[in-house]
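**Q** Those protein sequence lines, which keep their order, are chains A and B. The opening residue of the first sequence carries number 1301 in the numbering used here; numbering runs sequentially from there. The opening residue of the second sequence carries number 22 in the numbering used here; numbering runs sequentially from there.
Hint data in this document are derived by calculation from the structure and do not stem from the laboratory. A quick note: this is a predicted structure, and the numbers were derived from the prediction, not measured. Be aware that one or more of the hints could be misleading.
[To be verified] Pairs of lysine-lysine residues, derived as PhoX-like cross-links and limited to a Cα-Cα distance of at most 25 Å, are as follows:
| # | chain 1 | residue 1 | chain 2 | residue 2 |
| --- | --- | --- | --- | --- |
| 1 | A | Lys-1318 | A | Lys-1420 |
| 2 | A | Lys-1485 | A | Lys-1414 |
| 3 | A | Lys-1414 | A | Lys-1318 |
| 4 | B | Lys-99 | A | Lys-1414 |
| 5 | A | Lys-1315 | A | Lys-1420 |
| 6 | B | Lys-173 | A | Lys-1420 |
| 7 | A | Lys-1488 | A | Lys-1414 |
| 8 | B | Lys-99 | A | Lys-1315 |
| 9 | B | Lys-174 | A | Lys-1318 |
[Said to hold, decoys possible] Selected chain A positions facing chain B (Cβ under 7 Å, derived; list incomplete):
| # | residue |
| --- | --- |
| 10 | Ser-1398 |
| 11 | Pro-1399 |
| 12 | Arg-1400 |
| 13 | Gln-1418 |
| 14 | Arg-1421 |
| 15 | Ile-1422 |
| 16 | Asp-1424 |
| 17 | Gln-1425 |
| 18 | Glu-1428 |
| 19 | Pro-1429 |
[Claimed, not checked] Some chain A residues well away from chain B (every beta-carbon gap over 10 Å; in silico):
| # | residue |
| --- | --- |
| 20 | Trp-1337 |
| 21 | Arg-1389 |
| 22 | Trp-1413 |
| 23 | Tyr-1477 |
Idealized CB from N, CA, C, for every residue including glycine.
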Amino acid sequence: MEVEEVYSSSELDRKEGKAINELIARSQEPIPDPDQWLDEELKRNILLTSVDALIDWGRRSSMWPVVCFPACCAFEFIATSVSRFDIDRFGMGIIRASPRQADLMITAGTLTWKMAPQVKRIYDQMAEPKWVIAMGACAISGGIFRSSYSVVPGYNRIIPVDVYVPGCPPRPEALIYGIRMLHKKISKMSIAAKGK
Amino acid sequence: MLADYGYIGLFLVVAIFFAVTTLLLPFSLSLPARLVLYFRRLTRYLETHYPFLVRFIPPLPKFPRFMQVVPYNPTPVKSSTFECGMETIGTAWVRFNFRYYFYALVFIALDILVVFLYPWAVELRGLGIFGLIAVVIFIFIIVIGYIYAWKKKVLEWK
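Between the sequences and the hints, there should be enough to build the whole structure, so can you do that?
**A** Here it is, written out as structure tokens:
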């Protein structure tokens, strides 16, 4: 990465605006959801399925979420993570502040185009394989702010989303259901299949 | 009886092993380096003569990655040093104005004054006139230092 030296704040604003406009122009179409392995009929032999079962069990039992809570759905996520609903029983109790140590991004909240490059950068820096749960109406489609010029109409414009959890905001039970759906999706993954 | 013969045989084996190891010590110490050298020569030979084979030799330690058990797709963004969402701008080697340090020193002096005033205020009646005199002397010393800093134009930001 080149380090550009920026000293005046107006220059910084201009550069940032240019980068955001480029991002908006690039992300007019939604990124297709990564689910190509779900319908795939693979030739599965007994060795491959055993390895797959072990690896998928390991992957879905220790998903660590990264902090990406731009708006109010974060409170429902906090309610999910603490003792009453307790996502620690899915092995998700450790919410990482660093994208290097996380597999799962729960995008809880409205995303503005100004914030979008940062979220995309955090997603890019997460370790493979990585998953995204779009939580709430704003994360799915922009919600009630969809018609605004500054709001991203759905996270799938900038990052591929695995599971959508509708609601404004979704209840903790809905989020846990989405996590269970993601577990099911992961358990169908195969190391022989393409994608992810 | 049989056991004794067994022990003798074991002793002989150990002795022979010891002698051979001692004799071959210089050779055996250089063995890993030699093996690395041979491996490099073999790799280079194969690279020049059988290029399609080289694809299978180096990835052996990376076997899970080679088998695509572990996904591997690095990008420049992922390999960058900092993991903040923001892009890093400029350099960290910037100069701070030295007046910050003067401010910090004056702040620490007044801060310690407050640290001593609080317990005195809590035990005001118990400490009595002796505590009052001690605190007045303490404040006097600090205020002299403060006025000195003021006269030396530490508080002016130029």
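**Q** Hint validation: A:Arg-1421 versus chain B, beta carbon distance must be below 7 Å. Holds or violated?
**A** holds, 5 Å
**Q** Has the given pair, B:Lys-173 with A:Lys-1420, been kept, meaning a C-alpha gap of at most 25 Å?
**A** Not satisfied, since the Cα-Cα distance of roughly 52 Å exceeds 25 Å.
**Q** Have a go at the A:Pro-1429 hint: is there a Cβ in chain B nearer than 7 Å to its own Cβ?
**A** Hint on A:Pro-1429: holds, closest Cβ of chain B at ~5 Å, below 7 Å.
**Q** At a threshold of 7 Å, is the proposed contact between A:Ser-1398 and chain B supported by beta-carbon distances?
**A** holds, 5 Å
**Q** Take the C-alpha atoms of B:Lys-174 and A:Lys-1318, compute the straight-line distance between them, and say whether it is at most 25 Å.
**A** violated, 45 Å
**Q** Minimum Cβ distance from A:Asp-1424 to chain B below 7 Å?
**A** This interface hint holds because 4 Å falls under the 7 Å limit.
**Q** A:Tyr-1477: least C-beta distance to chain B exceeds 10 Å?
**A** At about 27 Å from chain B, A:Tyr-1477 clears the 10 Å cut-off, so the statement holds.
**Q** Quick one, are B:Lys-99 and A:Lys-1315 close enough, alpha carbons at most 25 Å?
**A** holds, 22 Å
**Q** Under the criterion that the straight-line Cα-Cα distance not exceed 25 Å, is the pair A:Lys-1315, A:Lys-1420 satisfied?
**A** This hinted pair holds, its Cα atoms lying about 17 Å apart.
**Q** Please check whether A:Pro-1399 passes as an interface residue: C-beta within 7 Å of a C-beta belonging to chain B.
**A** holds, 6 Å
**Q** Holds or violated: are the alpha carbons of A:Lys-1318 and A:Lys-1420 at most 25 Å from each other?
**A** OK: A:Lys-1318 and A:Lys-1420 at ~16 Å, within 25 Å.
**Q** Within a Cα-Cα threshold of 25 Å, do A:Lys-1485 and A:Lys-1414 meet the stated pairing?
**A** Not satisfied, since the Cα-Cα distance of roughly 32 Å exceeds 25 Å.
In terms of the numbered hints stated before, the structure departs from hints 2, 6, 7 and 9, listed from lowest to highest.
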